[in-house]
Structures are given as C-alpha cells and as structure tokens.
Amino acid sequence: MSVPARIALVLALAALIAAVALWWSGGAWQYGALPTRGLVRAAAFALGAFCCIGVSAWIRQRLS
Amino acid sequence: MRRSSFLIRPFDYLGLLFGIAAILAVLYYWDPTRVMIKRLAPGAETRFEQMPKGATDLALADLLTLNEAAAVDMRRRTLINKVFGVSGLPLDLMPQRIIRDVEKTPGAVKKCLSPTGPSLVHLWSRMDTIIMRGIGCEARFYRDWRNLAGIDELTGHMQNRWRNYAIAYFRPVQANGRLILYQQGLAATYHDQHRLIEAWVAEGYTVAAMNMPGYGDNTCYDLERYCADPPMGGIYDKELVQNFAPPVIALNHAMAQTSFERIAMVGVSSGAWVTLVAAALDPRIDLSVPVAGVLPLSLLQGKEESARGIVVGLTDIASVLDLAVMGADRPGRRQIQIFNRFDRCCFYGPRPESYAGDLQRSAAVLGGRLDLLFDESHARHKISDWALRRIMAAIDGGAGRAE
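Sequence order for the protein chains is A and B.
When the letters of the first sequence are read in order and numbered with our numbering, they come out as residues 1 to 64.
When the letters of the second sequence are read in order and numbered with our numbering, they come out as residues 65 to 467.
No lab work stands behind these hints, which were simulated from the structure alone.
Check the hints yourself; a few may be wrong.
Sample of chain A residues at the chain B side, in silico, Cβ under 8 Å [what the hints assert, rightly or not]:
hint	residue
1	Pro4
2	Ala5
3	Ala8
4	Ala14
5	Leu16
6	Ala18
7	Ala19
8	Val20
9	Arg37
10	Arg41
11	Phe45
12	Gly48
13	Cys52
14	Ile53
15	Val55
16	Arg60
Take a look, some chain B residues computed to stay more than 10 Å from chain A by CB distance [unchecked claim]:
hint	residue
17	Asp95
18	Thr110
19	Gln114
20	Leu155
21	Arg164
22	Lys174
23	Gln223
24	Gly241
25	Ile299
26	Arg348
27	Pro395
28	Leu437
Facing chain A, from chain B, some residues (calculated, C-beta under 8 Å) [said to hold, decoys possible]:
hint	residue
29	Leu71
30	Tyr77
31	Leu78
32	Leu80
33	Gly83
34	Ile84
35	Ala85
36	Ile87
37	Val90
38	Tyr93
39	Asp156
Note that CB positions come from ideal geometry on N, CA and C, so glycine has one too.
Here chain A stands alone, though its shape is the one from the complex (with noise of 0.2 Å):
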C-alpha cells in the first residue's frame, strides 16, 4: 500500500470513529456533539476514501 492510501485510511478511519463517537455522545441526535448530518456526510466521505483505496489495492494485485 503507498504512503498516501496509508494517510488515507487512517484519516478515514479517525473521522468515521470521531463521527460516530460523537453523534453518539450524550445521547445521539438531538443531544451529541456532531448532528446526524455531519455523522452522515463523515460516513460518506470516509466510505468514498475506503472505495478508492480498495479499487487501488485491487488494481494492485490485478497487474502485479
């Protein structure tokens, strides 16, 4: 895996475990820290992240 897919899934990775933890804190919804929208928009971004490091990896393994 190259140096930038490693940044990427770490980053990725923090920010879907941020997101999550802190949507849930004090209750999720209306009570945790992050709003279900920005979890959702958090999701999103780090499932796109894990998509392109997967077709990466994928790709990788194909012509090597």
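Using the hints provided, position chain B relative to the given structure of chain A.
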C-alpha cells in the same frame, strides 16, 4: 510498472482527498468548531452580537404591566376564559381515553409509518414519516428502560375527525416525586428525545410528553385509535384548546394518580411558546423552561414569525413579557428562558438582553424568579447538554438554586 502506477496513483490520491474531506466534515459539523465558524462568518457580528434596531427602543412600559398579585390573577382569569371558555382552570378536565401500559399492549394501530425504531429512524426514514411517529409503534422500543413501570397513552378528541391530542405518560417504578411535562416543537416528535426521557425516567421523574398539533399522534390519521370517540366538542372545539389543553390535562391526570413535590415544564422551539402560555395559565407549574424560543412579538424576524400563530388572541390580553412574568408570579415559582445565541434556525443573537433586567425585576417584585440564559456551546436548534445541566439543577434544587 509505470502502467500500474499510472492507474493506481489517481485512486490513492482521490482516497486521500476523501479522507481529508471526512476529517473536515467532522470539524465543520462538530458543535465547538461550528460555533467558531459562526463567530467568524461574514456578518456574524450583526447577527449574533449587535442589538437589532427594534430591540433597543422596546416600549417596556407597555409590555411589562403586571406588578401586583391581584392584577396577575385577573389577567390569568381572562386568559383562561379565552382559551377554555370558562372562568377557572378546568381542573376536572381528564383524558377521554387512557390506554394503560402501551409499551406492553400497544393496541391496534393503523400503520407504523416509521417502523425502524429510534436508533435508525433518522437515517432510514423520510421526514414526513419521522414527524408522524406514534407511541403505538414506538413504545415497544422503550419497554426495557431502566426504572420504567409503564407508559400510558392519554387521548382525547376535540373536533369531529379533525382535532385530537395524545399524551405519553411515563411512570417510573421508583418515583422521586417530581413531574416533568415535556413539550416538543415543530418538525419533530418527542420520540426524537427518547434518550432524554429515558434518562429522566431512570432518575425517577414521572414524564408527560406532548407533541404540537398535527405531529405524531396529534392527528386523526389513525382514525380508529384517536378520533372514533364522540368529540369533546362545545367549548373545546377550537385551536387554542388543542394547543394549551394537553398540559392541563396531563397535570390533572398526574395529580389524580399521586402527589408531586415539584412540577416542571420544559419546551423547545414552538414548544417553548406552549410552555410560556401553560405556565402563565397554570400556577401548579413550579418551574417552566422555554428553550430556543419566546421573544416579544415585535422582535420576531424571518421564520420566527410563525410563532405568532401559537399565541394569536392571547397577546392582546397579556404581552409575551407579561406571560413570562405570570409564569414566575410568586415565591416558589421560577421561569428560565434559554436562548441558543448561535442558533442556526431562529431566536439567536442578543435580543433578549435588551429587556432581561426589567423582566427579572418584574418577576422579583411579585416574589418569583425569572432567568434568561444564553447557551453558546453549539450552533443548533436544540436543548444542549449545557442547558440540560442547568434545567436539572433548577428542577432538583427548587426555586432558589441558581447556576
């Protein structure tokens, strides 16, 4: 090798971009950073810090007119007459129907419009189904709450197949002698606050949760469950009653079950307006907490204007500020108005500061206590953890305890 890196690299860097975007999304929406963004945004000073023109020249002498108990009593009688069409508070007004232990035996429901349960509802449901969540469908998710003895549904039908109300009455196993009336605002139901209600019940509070008319079970969508009984009709066949009778009915019902050493009412957004009026009408409410709402009508702007409809006809009798004073009109009674200074929706900024001192003095003259708090911990339209800590301190500490 060159061919593979040519194909792989774009995906690696696109992945990196997505990863950075995910981090930025968290920072953009997280409450503390959101407040910073709001503070630094163009026009923030005008919106959140500066007093708008109309706020500095409020005719307070016309808006704060109550300075003795007899005047408050007279004004209250006029208000009660306007809302209920009778001279005294209808203390005998009880629910038409009570469905006991609805979490165990929910009874027949027409259709669960939002059947995903509270943990998934906001992710999987459409807004029009979220705002129609009914206790008959949701109560089974609350069955295992700690200290919950049961949930009773209190219902009534006011106008033939048109106006009704439904109150969820949460009974704790070990009660702490305190009752909380919770009034949800628009575009949501009290089910959105299930974690808050769960925490209250676990602590021993008895909770009566209410929606605004047209939301949740407060429609005749489920005709058989809510609007099949003969309507109450007569004096109860009007909009004002549908707004303001449920808190009185919930209180009447609660006090017929047991006695309470302290009764509080908390309302958010439009629910704050119902809380304001309910506390003015009913002196049994010791502590009232309107959150993210309630301003003198002349200070309303933009989407806040919709609040006029809730108090139409009532502000001719008592101004919004007089209504507030009536909610804190004697020793032992207190009102805390909480404003979200950076609220993304409405009722933001420093406007209440222009009359806060006069309002507090008016209540103090009558022996009550009125506080205005500004929540700067977030930029959303909600009851925050910050606000909740202060609300609970006031409920548990009585009229004298301050933060």
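Chain A versus B:Arg348 - minimum CB to CB distance exceeding 10 Å, so not interface: holds, 28 Å
Is B:Ile299 truly not at the interface, in the sense that its beta carbon sits beyond 10 Å from all beta carbons of chain A? holds, 36 Å
For the hint on A:Ala5, just tell me whether its beta-carbon gets within less than 8 Å of chain B. At about 5 Å, which falls below the 8 Å cut-off, the nearest Cβ of chain B leaves the hint on A:Ala5 intact, so it holds.
Checking hints one by one. Is B:Ala85 an interface residue toward chain A, by the C-beta closer than 8 Å rule? holds, 4 Å
Chain A contact restraint for B:Leu80 - C-beta distance below 8 Å: Holds. Min distance 4 Å.
Would you check whether A:Ala14 satisfies its interface hint, that is, whether its CB is within less than 8 Å of any CB in chain B? With a minimum Cβ separation of about 7 Å from chain B (threshold 8 Å), the hint on A:Ala14 holds.
Go through the hint on B:Val90 and say holds or violated, using the shortest Cβ distance to chain A against 8 Å. Nearest chain A Cβ about 5 Å off; hint holds.
Beyond 10 Å from every chain A Cβ: check whether that's true for B:Gln114. holds, 27 Å
Chain B contact restraint for A:Ala18 - C-beta distance below 8 Å: This hint holds: A:Ala18 lies near chain B, its Cβ roughly 5 Å from the closest one there, short of 8 Å.
Interface hint status, A:Ala19 versus chain B (Cβ within 8 Å): holds, 5 Å
Per-residue hint verdict: A:Arg60, partner chain B, C-beta under 8 Å: holds, 6 Å
Against chain B, with CB atoms and a cut of 8 Å, does the hint on A:Gly48 hold up? This hint holds: A:Gly48 lies near chain B, its Cβ roughly 4 Å from the closest one there, short of 8 Å.
When the structure is compared with the earlier hints, violations turn up for hints 8, 17 and 39 and for no others.
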